[in-house]
Amino acid sequence: MPAVPPRSPYGTGHLRGERTFPEAAHDELGNEQLRRNLGRATHSIRAKRLDVTGELPDWEQLRDAGSAIKTDTMNRLPGLLEQLERKVTEHGGTVHWARDGVEANEIVTRLVRRTGSDEVLKVKSMATQEIGLNEHLASQGIAALETDLAELIVQLADDRPSHILVPAIHRNRDEIREIFLRRIPGVDPALGAAPAELAAAARAYLREKFMTAEVAVSGANFGIAETGTLSVVESEGNGRMCLTLPETLITVMGIEKVLPRFQDLEVFLQLLPRSSTGERMNPYTSLWTGVTPGDGPQEFHLVLLDNGRTAALADTIGREALNCIRCSACLNVCPVYERTGGHAYGSTYPGPIGAVLTPQLAGMHAAKDDPNSSLPYASSLCGACFDACPVKIDIPSLLVELRHQHTEQSKTTAEKLAMTAAAAVMKRPKLFTAAQRTAGLGRVLAGRDGTFSRLPPPFQGWSDSRDTPAPPPQSFRSWFASADGAATMRAAAEEGARHTDDDPQEAQ
Amino acid sequence: MTTTARETVLRRVQDALARSDRPEVTVPRGYRTGRSLPDGERLALFTDRLVDYKAQVRTCTAGATATVIAEVLRARGARKIGVPPGLDPAWLAGYDGELRTDSPDLPAPRLDALDGVVTASAVSCAETGTIFLDGAAADQGRRALTLVPDLHVCVVDLSSVRTGVPEALARLVPEHPTTLISGPSATSDIELERVEGVHGPRTLEVVIRTDV
Ligand code: SF4
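Line order of the protein sequences matches chains A and B.
Using our numbering, the letters of the first sequence correspond one by one to residues 1 to 508.
Using our numbering, the letters of the second sequence correspond one by one to residues 1 to 212.
To be clear about the criterion: a stretch of chain A counts as covered by chain B if any three or more of its residues have a C-beta under 8 Å from a C-beta of chain B, and this derived list gives those stretches:
1. 36 to 47
2. 191 to 205
3. 227 to 239
4. 242 to 255
5. 263 to 272
6. 275 to 281
In silico DSSO-like links for lysine-lysine, alpha-carbon gap of 27 Å or less:
7. A:392 to A:48
8. B:80 to A:209
9. B:54 to A:48
10. B:80 to B:54
I should point out that these hints are in silico values taken from the structure, not numbers from a laboratory.
Note that this is a predicted model, so its numbers are computed, not measured.
Here a beta-carbon is modelled for each residue, glycine too, at the ideal position from N, C-alpha and C.
Isolated chain B, as found in the complex (with noise of 0.2 Å):
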């Protein structure tokens, strides 16, 4: 019989590891976690952060939530939209241009077609100033979604702003498609010098909801 690779290189790690002691290890997780900034100082920094990684910020009510997005989305110029299938309609009562709802069998070249696309967000971590988007959930839709048009429209609820990474991550479903968006696409490949958008959407438009 053949051994397989499997069985050879789990073989050696066992001996790699029996050549030695191997003392035990308990983690100390003495860093922070479980903080809770009160809303006003999480609004505070979370926008300082977004607002470093040159994302745009906008803050209204729930109940003015359509009327910040078409807003947004027309000093934009965005005429043709892709929304997830679960997007509370509500949001889009505003906007008169052409509405696109994303399915599993949309081309990556239809999504390019887009000006850009509207969604929600899962949790966001304040101290970073990095949203959440649970690829499992109907009102954030698809990975490539978010991903392919030119420009990203969120919706993020205060009350699901975390404080920090490790709050923010305890609030996740692990085995979802997640993406961690910390402003629009970046890259400082050329003699460092920073330039947004390289692959990713060039604008990250964050509407932050106060009251939810």
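Only chain A is shown next, with the shape it has when bound in the complex (with noise of 0.2 Å):
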């Protein structure tokens, strides 16, 4: 059997907290600001996200086309990446490798400094914030600027992004004038906080840097291996500036981004917006490929960043991870990232598909304490993130394998038998979601207490170790979308906070 591929190193980048999540989400549960806001934002998403989707007929074939396409890609990686290396070399561009962030870091370092600049603009870009691109450029004395609207404030405000698609949204208006007051130079003090001039500011700030800037760090949605195309989708317009105006572009992908041809665009091009934003498009979407003459920037450099991708690629159940197209509609479905908010996950990926991507990019460490252990049981398990992902990425039942694999690595429990059995159940997704959604099965199941003593086959080794309460007769969603279900849900939180490491059952 060929050897394991190493995760992201230890203690690099920011695939890692402090403080196990229960005891993160304990405070942030404190945090009344935070849960409006963010319950406000959700809800929002969800009822447009609902409304786009619904318009097309064949939404459904759409997400089956676009979770094969991510399939197919898996499969086919290595020579679609050097298919992909190949096509951008053609036109002009420069492909570099990266076995982790350490290294993707020094590689972009070493580009700026070659362009003599000691500033770059940054576009908004997950892979850069996992390994802590800007962190490590200032540390060589680099300025890196966020030039994404809500990015900018999160850097302003030494804060950290809270949501992927939208990550100031834990900020209220007032906070973000405030932070605009204090940290833009020269910005007038009458900015009133209305968002159309707080908007304003942070345009003419940024307009002057847009204008001179040497040189541009960005990500990429996707990179077409058959072309060398690659593809920044966005909403303002930064991204666009940040892309097309320096002289020297270098964008960081992880190699779990390609795509074999130009026309699997048509699937993610109606999949990524609708499921975002809520957008039938995002404003603005660029493709490029390589360096074009007399059009945008003359260098163009590529950094395929590992990182831990290969050993999630590894276990045959969380290469299903790496399809995800972070478009966050997982994490404005789920009850429990409603009520914590990302920062509780202490990881750049927050969410139900946080709680599965970080821990296999980044690895359960054995430490006891590690607070990636705890991230599998960030979750109610109920299924609403599965139901949303536009590339059908079977969350609950990865979660319950890492629930599995880590109470493996620890102990052995009746726990580790019950997570087992469940294991087992979960990895037959058709047979979960139907015994999840059968409303009023449980009842029927239960005895008079409201608590199952016993189960039935596959689900009695699950049962053997506790006594599992009842489902109620709702469906578990709409039970989750009740007050009963928040106050649960808040007390689990709490109780998780105190039994993680003994229990962690308790965390649902």
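Using the hints, build the complex out of the two chains.
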């Protein structure tokens, strides 16, 4: 059996928090403002998403195609990466490979130094956040300036993003006004708090930078192997500015972001905006291939990043998590995320997919209190994320598998036996989903006291180790949407803060 | 000999895949492709989507292009306009302001001094209200030209409007730098309240020529 590829090196980048999820969540739960902002945001994006996905009669076919294209991509990854490299090179770009974030940071630093500039403009990018590029550049005397409005707010506040798509969603307008007054040089002290005024202040501040920047760093939503075409999807135009105006462009892309054919964009350019912002199409999408003489950057570098992705790929189950196109739909439907916010996950990737992807990329460290070991329990397993995911990643099953791996690695207990049985069930998503969805099934099976003392196969292993509370007579989904569900979630998270290590089930 | 990062990463990918089966996948492309709505319906759908995205829309015949463009520019108070080198000069026949033809050596701050820009377009998608600009086409120009000025007047021929995303994408040359625009620049980053215009043009005026 070939060797297991290494995870992202321990202690580097932003794939590990300082506290376990329940500990961090406990504090965030006390933050009423955060919860209000988040609740409003997630509900509103959720509603928009349902409107625009409902509009397409072939939405399910698009999801099937998206899922299959990604699975096919992973199957053929070595060849596709080589093809992408060849095509980018043919079109005048240079391709670099990075084993991990440390190496990627070094490559970018070297490339920036060569331009003679000590300032770079940044396009919002999860990959560069994951590897802590901005911090690394700062340590090397290079200032990295985020140009996405929300990222700029987060950066000026010395804060961390709390959502994949709307990273400053935990801040309200008055806070943002304060941040701008404090941190934007020469800003008008009479600045108001209306979003339009705040956006105008950011526009004025960044415009000058755009006009004179020599080098920009971006991520990529897609990289097409067939043609060498890269793509960035955005709304504000800051991406276009960075991708077009500077002389040098450096793009850092996770190796899983490659797509086989140009035609595949027809699927993902329908799935991504609708799942993400709930728009039919995002305002701007840029496509570029290498270097175009007379138009845009005349020097283009593509950095292909591993940083634990091959470790995830080595795991049949974990591989599925690499299909993620970072749309954030799963965050917006997650009852746990909605209450704790993104910071509690401690990783660049929060929410349901973050709870799966983070331990896959960075591992669950042997240390008993590794924050990443608590992430697989940061879920109610309600299944909403699976339904929302445009590429049909079965997040609940992946979480159960990770719980199983975690208990395997830590101790042998009744818990472990239960998890083994549960994992077996969860590997059969149809069965699991059917069991979950059957309203009233729990009632029929449960005894008078509302708990299962004994579950029918294949759930029996689970019930052997505990009295499982019966699900309420509605569907899990509507239960979580109810006040009762909310209260139970809160209690569970608090309970989890005390018991995660000895009884992970409590965090459900 | 030291192993390069390239060799290492590719080896790891191979090792990872070799650890388990890779069941063959055929991509089911049962989603809608090859759609073509009649002119009237396409125009209605496209207009509806553009307006929804806060773009301004006017329709005209090819013969009225110059008149309509002049009207738009006058209404917006645009006195200094940039155009790509290959734009049909007849389109600006009714415009009496200052005209600047773009070239690769025109620096960004000079573009910033323009009131607006007039360009053609390559193809559009009705269902999403998206206009595709081909950066290699002489009548659409460099990417910077349609980005920096605050007003973009874009001429779209109805015959180039496709129904859905697959039909529109199929008309592109993949290797050309291409920009997809759906309405003006927008952000919802502050309390999810939509604000038009952050870094890109704050105004998008679309002139649809119904007989071309
Ligand atoms: S897991 Fe699916 S729903 Fe979540 S961010 Fe990724 S693609 Fe979107």
